[in-house]
Amino acid sequence: MAFWRRKKDEFISLGLSRAASERAPETQTGTETGIEPQPAMVARVEPAEAAREGPAPSPWQTSVLGLDLSIEQLQAREAALEQELSARFRRAVAATRESLSEKIDTVFAGAKKIDAELLDELEEALIAADIGVPTTMHVLETVRRGISRKEIDDVEKLKAAIKAELLSILHASEQGGVASETSVPENIAPYVMMIVGVNGVGKTTTIGKLAQRIKAEGNDVLICAADTFRAAASDQLAIWAERTGVPLIQQKQGTDPAAVLFDSLKAAKARGSDVLIVDTAGRLHNKSNLMAELEKMKRVAGREVEGAPHETLLVVDAVTGQNGLEQARQFLKVAGVTGIVLTKLDGTAKGGIAVAIAKELGLPIRYAGIGEQVDDLVVFDPEQYVNSLFN
Amino acid sequence: MFESLSDKLKRTLKNLRGEGVLTKEHVDAALREIRLALLEADVNYKVAKDFIASVKEKAEGQQVWLELKPSEQVVKIVFDELVELLGGQSSRLVFTRTIPNVVMIVGLQGSGKTTSTGKIARWLAQNQDRKPLLLSTDVYRPAAREQLKVIARATGQSIFEKPETNDPLELTRAALQHAKDVGYDTLLIDTAGRLHIDDELMEELVSIKSETHPVEILFVADAMTGQDAVRSAEEFHKRIGITGVVLTKMDGDARGGAALSIKQVIGQPVKFVGVGEKYDALEPFYPDRVAQRILGMGDVLSLIEEVQSKVDQDEAESQLKKLQRNQFTLDDFRSQLRQVKKLGSFSKILKLLPDQLLGGVGMPDLTDEQTELMEKELRRTEAIIDSMTGEERVNHLILNANRRRRIARGSGTTVAQVNSLIKQYTEMRRMMQGMFSGGGLRGKMMRRMAGMPGLEGDGGDAMMGGMAGSPAGLPGSSRKKKKKRRR
Ligand SMILES: Nc1nc2c(ncn2[C@@H]2O[C@H](COP(=O)(O)OP(=O)(O)OP(=O)(O)O)[C@@H](O)[C@H]2O)c(=O)[nH]1
Ligand SMILES: Nc1nc2c(ncn2[C@@H]2O[C@H](COP(=O)(O)OP(=O)(O)O)[C@@H](O)[C@H]2O)c(=O)[nH]1
Ligand SMILES: [Mg+2]
Ligand SMILES: [Mg+2]
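Which chain is which? The protein sequence lines are D and W, in order.
Following this note's numbering, the numbering of the first sequence begins with 1 at its first residue and continues without gaps.
Following this note's numbering, the numbering of the second sequence begins with 1 at its first residue and continues without gaps.
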């Protein structure tokens, strides 16, 4: 069994039988926190009637109560959750929308016809979203071509064209041929995920959220605290491990992160974990020694588990400006990043740099962080993202 | 990465040379490129627009200096304006007699508040003779208080703790009282990261403020921040009144345009710059350096200024003359080494040098170990010259085997090391002769920097040779012409 997303499209067991096997022998210096059995989440069900049944209970809570629910009830819950998450995502990017869409709307409001001035203002609106000069130019170029071919002759069509262009960038990156959980053979365990990024973007928090989700899908998750540098980094992760009821392997500050990873891989194999999530210290992509350290970790992972790390997620803060592109470029080169997590979308920043990253490097945006709580992580949905930008 | 701004300008303006005054065409063409550079550096688009408009007004019709091309002239106007807007250098925090003076540290999540709190405490203790007490009011982020505690321990600063409460205000009151009781003159309050649109948490800051009447409220901003920087800064300022900015993660390669945006919307100066994860990685803010970084021109000017202020101009001039006449003696060499030392550490100097200055050849990528090695070489070189007689220093030709043995003994080095220094010195003389024949702005800068040995010439080589004394001391790196990434 591999990874939670794989199960998005299939019906999965409740994992009732798993509770017993959770008590694997303690390993090394690992700190283990209690694991509570949890109902597994069922896959994406079309938003059902259930959604209207008042506020959805948070399905992520670490409670055993869900165990006595029927499949139907769980399904309804899941549907409600999907609804809720998508509503929250929309709400979260609403602030974003205010700037970009409001801006674009004001641009459009006054304008009856498409002229150079309108296009200039449009350019500004895209720049304001941190999409960056080259990508903005690219979008506008496509639009201009449409205009000169007379395919775009009114403001509505212009709007649709920009939307389509942004979407096509995001969709193209999804096809981008990056490793995904579906390409990893079922018999490989643990499925290793490495979380990387510059300082302070939200790596550790994202791991807490991811662990919760993946575990809730019925997987046996293990976390590796390979940030041995920052003050109290592993204390922070330990609290997340406790919150989510997932065991954690850690060592004292200053230990070689590759050594902690090595221990974790061994532990994951010994206890038959399905997924190992690796926290790494924040590092600036221009520090060659720190990037080399990451490369070493990647090598260690690959030596212990075939094909590991199977997934390497680069966490990007939505407030990040143009430097984000260089970050992605360097982390891709050194750590073989397979996807982006765009965090802090609950603020007013638009995260447009992720679109530029998708375009330039073909890296898909996999998840979006929309808050500081454990359930504030959603699967990134390009349609919703672009739609929210354009109402 | 990006084509440098000066290259772009050169391309755009190459046909517009020597027309006496800056015409509208010159200015428009140059400003278009500069606008793009500002946007690429994350200057907010509105700020960039206003900025361009004001520069445009200033630039048109200006006399083009004889020495400059129109493109360079526009860059200079832009640069001066940018420096002006970024504001003065003001890293001193101004304190009153009250015990304690309170400093609040605020900002978005992950911007670097906790780390900066520790750095500033350490800095105040070391540079302003303060006795700081640290307090974390971040009761939300897991292990946030523990993080500050670890930092306090690492920097040898005191921290106030009250694990039994989770209420930021209660913590604040207790710490304030404790500071009064014990006599800590500065209370640094680290706050939880928050979004400027989080009303409840913003209100919390307001209460902490009214409880403590801080002398400083520092807004910590990540140098990598994009267009949104103006929004958050503006909102924090509106709510609690920011008195200064700390710009973190400047050790990265972000251009840091957010600094200009923030300055423009809140009108308060950047007081500190964070340049690393270690607790001594805090620097004052130099507007000219950041202006150059935003424009992508490297830190030429601040280096020139640093050199100028510390090097006796006349001496440099006379050395230049000697150099050209091939009379550059070991005495001169030594006095230059000393001037270099006055500038601070070697690695610092290397970091200041932009690629352009090195004629596009670039500097070798030096590890910390290598720089340390070079600094050691520098000291050894000086020791060797110190052990020479006056006569020997003026005329190296008399240095025969006997003399070299004596010098080696006197300086605690080996004859081989003495030999290699002399070889370096003669090579350097040769190289430096050709070095000052270049014209244009760069040539002029080089001349002004004559106080520094081998700053250019053959790219990194002359520098290594001149300063470190021996390429052998730098295994594999002194001859490598690798493009250096600026940091
Ligand atoms: N509003 C909001 N805050 C977030 C989000 N994700 C993380 N944060 C906050 O951002 C701050 C930094 O998060 P961390 O998870 O510690 O970031 P990190 O990348 O692990 O940081 P380092 O390990 O120090 O480099 C914390 O205060 C988090 O609570 C998000 O999606 N929205
Ligand atoms: N490279 C670099 N990292 C920094 C700097 N300042 C802070 N950091 C790192 O950024 C991350 C977040 O810092 P922290 O102080 O916890 O931010 P806070 O959430 O605002 O309190 C940590 O990993 C710090 O080590 C800096 O100037 N340079
Ligand atoms: Mg972390
Ligand atoms: Mg903090």
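No lab work stands behind these hints: they were computed from the structure.
Misleading hints may appear alongside valid ones.
Cross-link-like lysine-lysine pairs, in silico, DSS-like; alpha carbons within 25 Å at most [said to hold, decoys possible]:
id : chain 1 : residue 1 : chain 2 : residue 2
1  : W       : Lys76     : W       : Lys58
2  : W       : Lys76     : W       : Lys56
3  : W       : Lys131    : W       : Lys46
4  : W       : Lys24     : D       : Lys163
5  : D       : Lys159    : W       : Lys46
6  : W       : Lys376    : D       : Lys287
7  : W       : Lys376    : D       : Lys252
8  : D       : Lys287    : W       : Lys278
9  : D       : Lys252    : W       : Lys238
10 : D       : Lys296    : W       : Lys278
Ranges between beta-carbon positions, derived for each pair [to be verified]:
id : chain 1 : residue 1 : chain 2 : residue 2 : range
11 : W       : Tyr140    : D       : Asp256    : 25 to 35 Å
12 : W       : Asp167    : D       : Leu167    : 21 to 31 Å
13 : D       : Asp256    : W       : Glu25     : 34 to 44 Å
14 : W       : Lys46     : D       : Asp153    : 25 to 35 Å
15 : D       : Ala292    : W       : Ser54     : 40 to 50 Å
16 : D       : Thr142    : W       : Thr23     : 30 to 40 Å
17 : D       : Glu141    : W       : Thr23     : 26 to 36 Å
18 : W       : Glu200    : D       : Glu156    : 32 to 42 Å
Coverage of chain D stretches by chain W, computed from C-beta distances (three or more under 8 Å per stretch; other residues unrestricted) [said to hold, decoys possible]:
id : region
19 : 123-135
20 : 188-201
21 : 339-348
Given the structure is predicted, the values throughout are model-derived calculations rather than measurements.
Yeah, the Cβ is synthetic: ideal placement off N, Cα and C, and Gly gets one too.
Of the hints stated earlier, which fail here? As far as the earlier hints go, 3, 4, 7, 9, 12, 13 are violated by this structure, in ascending order.
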